[in-house]
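Chains as they are written, first to last, in my numbering: chain A, 1 to 419; chain B, 1001 to 1164.
If you are wondering where the hints come from, they were derived from the structure by calculation, not from laboratory data. All values derive from a computational prediction rather than experimental measurement. One or more of the hints may lead you astray.
List of simulated lysine-lysine pairs, DSSO-like, C-alpha gap at most 27 angstroms [unchecked claim]: (1) K1159(B) with K1037(B); (2) K50(A) with K1159(B); (3) K20(A) with K1157(B); (4) K1157(B) with K83(A); (5) K1157(B) with K1125(B); (6) K1037(B) with K6(A); (7) K1157(B) with K14(A); (8) K1159(B) with K20(A); (9) K20(A) with K1037(B).
Letter by letter, the chains look like this.
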Amino acid sequence: MTIAEKILAAHAGKERVSPKEIVDAKIDYVMVNDVTGLPAFEVFEEFDTKPILEKSVLIQDHYVPNKDVASAEQAKSMREFAKRYGIENHFDVGRGGVCHQIMIEEGFAAPGRLIVGADSHTCSYGALGALSTGIGSSEAASAMATGELWFRVPETQKFVVDGELGKHVMGKDIILHIIGDIGVSGSLYRSMEFYGSAIESLHLSDRITISNMAIEAGAKCGIIPPDDAVFDYLKNRVIGEYSPVYADADAEYEDTFEYAASEIVPVVATPHLPENVTPASEIDVQIDQAYLGSCTNGRIEDLRAAAAVLKGASKSVHPDVRMIVVPASKSVFEQAMREGLIGIFMDADAYVSGPTCGACLGGYMGVLAEGERCVSSTNRNFIGRMGHPNSEVYLANPAVVAASAITGRITDPEDLLEG
Amino acid sequence: MEKYIKGRVWRFSENVDTDQIIPAIYLVTGDRQELAKHAFENVRPDFAKDVSDGDIIVAGPNFGSGSSREHAPRALLGAGIKCVIAPSFARIFYRNSINIGLPLVECDVDAADGDVLAIDFEDGKIVNTNTSAGCTFPSLPDFLVDLLDVGLIENTKRKLMRTG
Chain A
1 MTIAEKILAA
11 HAGKERVSPK
21 EIVDAKIDYV
31 MVNDVTGLPA
41 FEVFEEFDTK
51 PILEKSVLIQ
61 DHYVPNKDVA
71 SAEQAKSMRE
81 FAKRYGIENH
91 FDVGRGGVCH
101 QIMIEEGFAA
111 PGRLIVGADS
121 HTCSYGALGA
131 LSTGIGSSEA
141 ASAMATGELW
151 FRVPETQKFV
161 VDGELGKHVM
171 GKDIILHIIG
181 DIGVSGSLYR
191 SMEFYGSAIE
201 SLHLSDRITI
211 SNMAIEAGAK
221 CGIIPPDDAV
231 FDYLKNRVIG
241 EYSPVYADAD
251 AEYEDTFEYA
261 ASEIVPVVAT
271 PHLPENVTPA
281 SEIDVQIDQA
291 YLGSCTNGRI
301 EDLRAAAAVL
311 KGASKSVHPD
321 VRMIVVPASK
331 SVFEQAMREG
341 LIGIFMDADA
351 YVSGPTCGAC
361 LGGYMGVLAE
371 GERCVSSTNR
381 NFIGRMGHPN
391 SEVYLANPAV
401 VAASAITGRI
411 TDPEDLLEG
Chain B
1001 MEKYIKGRVW
1011 RFSENVDTDQ
1021 IIPAIYLVTG
1031 DRQELAKHAF
1041 ENVRPDFAKD
1051 VSDGDIIVAG
1061 PNFGSGSSRE
1071 HAPRALLGAG
1081 IKCVIAPSFA
1091 RIFYRNSINI
1101 GLPLVECDVD
1111 AADGDVLAID
1121 FEDGKIVNTN
1131 TSAGCTFPSL
1141 PDFLVDLLDV
1151 GLIENTKRKL
1161 MRTG
């Protein structure tokens, strides 16, 4: 069996499962955020029961600090739900950050676990060897009440990336390269499993970026076999015990895709689909905003990569560009302060804020006007995603975002250093 | 669930994402009618104004991609949409729709804006009454038929009753 099949079988109490089979499986955690929480809490009240406290996680991140009265009411409903039932895993403003970063930092995500979340990027924890996947609000409510949920066992596709990655090439470029190849529905309903020396060489942060964007290929999950990078990260962090799950030698894969790391370069995904992938060095597009943050690329390693480009070039953000830096969590922010990264961003005229999902989905804290273009370390460049329907988002890695912020045009950091 | 429906078509292309169905700025309520007022606002402003109860959406592959927002199928139900037909659906949108009672049909049917389709869920047949074009589709697994019929809320209540 593949990793996804084994995790589903174990949680469904079965010896074996096969693709397309529908199973009821016990979940380890169910997470909702402030946007998907409200509809879930309304549905939950229909059940006349109590949530399973140790499995329920509530995280305020999308529209907090509250962007308006309606979002304030929504955030309040989460606070009240947590209080009413005594849910301790409630991360409010100033105590947490972007939900997926918190699920990982706080030790909920771990190898072999089955985790669901009412947010599509819940697939992020595949980087730690978990089967984690996005669900809707009603089913989050159902999972909080019953501790289980129905799953269709996915077919699995194998992705192998071998070789050495070039300078400034990050996890973002690997996953965009793959999505550029297979398309935004290339892994629809499937589990993606990632292998190869290039994947093994990556820091956990870059692996999280890869698993995070599995959904942009339509996948149910994107799993990387856990190794020491994961086990070391989880020491003194993980809640409870965990047991790593690996694919059997005779696991059946629907397809295998192989890539040479040397052929992957810093890329951007042009509007309006993540599959529109082009080398950053090959396009010449003027930008108005450069955004660094989100569950995809808001970790300390991402901030370091961007700060290194700004510092290396000894240049400030282009006068016609607003650069916005949003660390994905309180602890990322604190670490960035300790390392002097916040100072580097502010000296370069970037705006730095506390954690929120706000601008990534066009909510607030960096919404685009008509005709504006943003190079962004986020995950989606859909029509109107970050603001006006006639604005544009170019997805890129943090180093490309920083290089572009300096020049005011989409720029491969390598070209910046040469210039 | 009704076994036979007939409705007017709203035609969309491929990869219609949930940001198009309901922009994120309106994700401050779960109310179907309220969400319906802003359905497709950025890409098809006439939709919310002209949609009628009983209409049908026909789209290209990968309908409902992107965010997990259940607000998307809720907005469509609030607008009176009775069925969405597409060659394929994004998985979270698919689950959300079945869970809250919006029937989805995986099928590639030739239809244009304003055509009237007749859908027979029992026989798995769709006929375009304007062009006589049609297609067939396999029935859902029993589990999903039941879920679509009773809804996830009732399904969960039954599960809670069984487990005490």
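Unmet hints by their number, sorted upward, for this structure: 1, 5, 6 and 9
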